[in-house]
Amino acid sequence: MPNAFAPKPAYDVALDGEMLVINLHRDFDANGRDHDWAQTIAGRYPGPYGRVTVDLTQLGSRVNSSFFSGIYRLHQAFGANGRPPVVLLGAHERVVQGLEILALRPLFALG
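Mind the numbering: the sequence shown is residues 0 to 110 in numbering that gives the first Met the number 0, read in order.
Treat the hints with care, since some could be wrong.
[Said to hold, decoys possible] Listed next, with one range per pair, are the computed distances between beta-carbon atoms:
{"hint": "1", "residue 1": "Ala108", "residue 2": "His24", "range": "18 to 24 Å"}
{"hint": "2", "residue 1": "Ile100", "residue 2": "Thr56", "range": "18 to 24 Å"}
{"hint": "3", "residue 1": "Ala79", "residue 2": "Gly110", "range": "16 to 22 Å"}
{"hint": "4", "residue 1": "Gly81", "residue 2": "Leu14", "range": "18 to 24 Å"}
{"hint": "5", "residue 1": "Gly59", "residue 2": "Thr39", "range": "21 to 27 Å"}
{"hint": "6", "residue 1": "Asp15", "residue 2": "Ala102", "range": "19 to 25 Å"}
{"hint": "7", "residue 1": "Pro45", "residue 2": "Pro8", "range": "15 to 21 Å"}
{"hint": "8", "residue 1": "Arg93", "residue 2": "Pro47", "range": "28 to 34 Å"}
{"hint": "9", "residue 1": "Ile100", "residue 2": "Pro45", "range": "27 to 33 Å"}
None of these hints come from the bench; they were simulated from the model. In this text, a Cβ means the ideal position worked out from N, Cα and C, and glycines have one as well.
Start from the sequences, fold in the hints, and give me the full structure.
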């Protein structure tokens, strides 16, 4: 029986035809509970997809190492080996700077 008081993930995933849409909520990883978010998504929605989009518009500038390791995991699962890159929608400039510092920026499309 599921625990009604268990914290819910601060993201949701939707399928739109050949597109996988991942929306990260404002409280994403606020308490460290979403540390394995990308692995969970890749396992539940293995694809393939014509496009994978991650909506970052609710995050603002607050991201941490779990975020960066997660989007790299999404790249490995959905954007590597000649597939279209994962699209990051609404990325704050600090997110883009973090991607550049980590040399991950070329792996993603910004939208």
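Checked hints:
1. Ala108 x His24: 18 to 24 Å: holds, 22 Å
2. Ile100 x Thr56: 18 to 24 Å: holds, 22 Å
3. Ala79 x Gly110: 16 to 22 Å: holds, 19 Å
4. Gly81 x Leu14: 18 to 24 Å: Holds - the Cβ-Cβ distance for Gly81 and Leu14, about 22 Å, lies within 18 to 24 Å.
5. Gly59 x Thr39: 21 to 27 Å: holds, 23 Å
6. Asp15 x Ala102: 19 to 25 Å: violated, 31 Å
7. Pro45 x Pro8: 15 to 21 Å: Taking Cβ atoms as reference, Pro45 and Pro8 lie about 18 Å apart, which means the hint holds.
8. Arg93 x Pro47: 28 to 34 Å: Holds - the Cβ-Cβ distance for Arg93 and Pro47, about 31 Å, lies within 28 to 34 Å.
9. Ile100 x Pro45: 27 to 33 Å: Since the Cβ atoms of Ile100 and Pro45 sit about 30 Å apart, the hinted range of 27 to 33 Å holds.
Figure legend: structure checked against the earlier numbered hints; the only hint not met is number 6.
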